Amino acid sequence: MARIAFEALGHRYAGATLPALKPMDMVWEHAGAYALLGPSGCGKTTLLNIVSGLLRPSEGRVLFDGADVTALPTERRNVAQVFQFPVVYDTMTVRENLAFPLRNRGVPAAAARTRVERVAALLGLTARLDRRARNLGADEKQKISLGRGLVRDDVAAILFDEPLTVIDPHLKWELRSRLKELHRQVPTTMIYVTHDQTEALTFADRVVVMLDGEVVQIGTPEALFEHPAHRFVGHFIGSPGMNFLPCAISGREAVLPGGQRVALPRAYGPLAGTVELGIRPEFATMVAEGGLAARLRRVEDLGRRRIARLELDGVPVAATLPEGMPVPAEPRLAFDPARLHVYADGRLARGEAARDAREAGP
Amino acid sequence: MSKPRNERAWLLVLPVVVLVAFSALIPVMTVVNYSLQDTFGNNEFFWNGVGWFRELLDPSTDLGGRFLDALWRTLLFSALCLLIEIPLGIGVALTLPRRGWGVAASLVVLALPLLIPWNVVGTIWQVFGRRDIGLLGAALNGMGLSYNYAQNPLDAWFTVVLMDVWHWTSLVVLLCYAGLRAIPDAYYQAARVDGANGWAVFRAIQLPKLQRVLTIAILLRFMDSFMIYTEPFVVTGGGPGNATTFLSIDLVKIALGQFDLGKAAAMSIVYNLIILTVCWVFFATTTRDQNDAVTDAGGKGP
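Sequences listed follow chains A and B, in order. Per the numbering used here, the first sequence starts with residue 1, numbered consecutively. Per the numbering used here, the second sequence starts with residue 1, numbered consecutively.
These are computed hints drawn from the structure, not numbers from a lab. Honestly, I wouldn't trust all of these hints.
What the hints assert, rightly or not - The calculated label-pair distances, taken between Cβ atoms and stated as ranges, are:
{"id": "1", "chain 1": "A", "residue 1": "D205", "chain 2": "B", "residue 2": "T95", "range": "45 to 53 Å"}
{"id": "2", "chain 1": "B", "residue 1": "R8", "chain 2": "A", "residue 2": "L171", "range": "35 to 43 Å"}
{"id": "3", "chain 1": "A", "residue 1": "D153", "chain 2": "B", "residue 2": "F283", "range": "42 to 50 Å"}
{"id": "4", "chain 1": "B", "residue 1": "F22", "chain 2": "A", "residue 2": "A14", "range": "54 to 62 Å"}
{"id": "5", "chain 1": "A", "residue 1": "A14", "chain 2": "B", "residue 2": "F283", "range": "40 to 48 Å"}
{"id": "6", "chain 1": "A", "residue 1": "Q185", "chain 2": "B", "residue 2": "N197", "range": "43 to 51 Å"}
{"id": "7", "chain 1": "B", "residue 1": "L115", "chain 2": "A", "residue 2": "S58", "range": "57 to 65 Å"}
{"id": "8", "chain 1": "A", "residue 1": "A14", "chain 2": "B", "residue 2": "L82", "range": "39 to 47 Å"}
{"id": "9", "chain 1": "B", "residue 1": "N197", "chain 2": "A", "residue 2": "D153", "range": "16 to 24 Å"}
These numbers were taken from a predicted model, which means no experiment stands behind them. Heads up, the beta-carbon is just placed ideally off N, CA and C, and yes, glycines get one too.
Could you put together the complete structure from these sequences and hints?
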């Protein structure tokens, strides 16, 4: 159990021209459930291996509860890690596999036995405890790997590196809820690497979104949904992703390429780079009157809701077609003003009203 | 629908039949033929039935006693070679570098003994062990140790076993090294996370993953050492006395020294059967687990 902090942490693999991780400062609180989310090659696994000590960062420090562990090897950091592909010790039984991390650390046999049986029960491995691990299927081998990660109760953190990749879909869902349940029972810092947004959003209290070796946002699933700090977050989280419309800002209004104007919830100062208006499809609604003129391309029926694919001044936009509303002949589009965000060069721009409001606060 | 038949297709099998006949069937049958007869030279043969085999397996006869003595010596030699070369080979393979220029350098150095013709290996050790000019022999005697492989049976054994270790441990090393390199990094990472020390990593990961290559290594080393002829023949000629007369050396003495083709043929057949049996039993027992695993995995299919 630990609070994990990074100070100016960065990493560049030997011989690589681009850094795998750009220097960052970050804190993961004790007993939090964090997910590292991002596309392949964004540096998630690199960051995880730095936490576990399998990789030594080329710059910066890692602190566990304030103590510098940057130079400590894995075996002295007291972390557990579960890898993407199952690792089982072939010649041992399932029970011996699960007990292996405990035996290596000299845990008394009786205590080890109870721990192993608890973990086996949690993962549904009890019936298989005395079978040889070698002869089991991939699902069960990965359960053993998970079990070895969970069997120690004194760890600073448990790290999961896309642990459910090889698991059957239905079992995936079940195991994820088991992990979540375990986290509620035994508050341990858990770090979960994935490129699957559903996995990240259902598992974690806080999601760390990474892109090209950089953390672009840390936040609760709601925060990522409602206030994406980066164009990538808006795009990556949510289905379909956030709409981005190129625009020019004048005071409290955004001017779209075709000249249509959208009122903004707050004023913005001069912005540098490409300026875009961001709105989630959930908050862009088709209306009978008012709003903006758009061209309808097609309607997708997702069962619980309908998504209209439109074109607004030549830019594709996804919007919600409210229940019961007929597909209009002359589509109009309304944005929920409170949910509008402005992005400059891909990053969320802070409005002046927001700053005014904070300054005016108590 | 009837398939077209053309009996001339049998002609396509002919080359293989001819090849196998000349390389295996005819020589083996010649040996079988000899083993049932006795000859006094002049290309005259007399029917002897299973007489040679009976004598061979009866220790009270001259031939049987000689055969069993040579058999025990050969088994002892094979056992010593395996006991030294397999652990040593694993040990060396574990200490080899995993990357960098050292990999190529060590592999080349290790492969050198394997590239030397067998009679040259014998000659090298024959000279190396000589007490007057040999580096090993002269050095040992210079240190006050009495060492003479031409007179002392123990010294002869020491030399012959050491020579085999020098010659063949590299093979075990190369096989094990290949096996070790095939272990994914994730296993080592998992073991570090699990807090395993070097010995635990060896027991839990490396040794089990080496099982297949070790099966091959043990089989190869058993067959080769059990059939060894050239090197000890060059170094000791089977002596002093009969101390290093292995089965193959004895066989050649009977066949070419005494020209007892019948006895030699019977001995060859028994010799061959021993090797086949030992290898089959060893292979069947060591791969039984692996076969279980394969059928298990196969049984899970739809």
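Tested hints:
no. : hint                        : result
1   : D205/A - T95/B: 45 to 53 Å  : holds, 47 Å
2   : R8/B - L171/A: 35 to 43 Å   : violated, 59 Å
3   : D153/A - F283/B: 42 to 50 Å : holds, 46 Å
4   : F22/B - A14/A: 54 to 62 Å   : holds, 59 Å
5   : A14/A - F283/B: 40 to 48 Å  : holds, 44 Å
6   : Q185/A - N197/B: 43 to 51 Å : violated, 31 Å
7   : L115/B - S58/A: 57 to 65 Å  : violated, 43 Å
8   : A14/A - L82/B: 39 to 47 Å   : holds, 42 Å
9   : N197/B - D153/A: 16 to 24 Å : holds, 22 Å
Checked against the numbered hints given earlier, the structure breaks hints 2, 6, 7 and satisfies all the rest.
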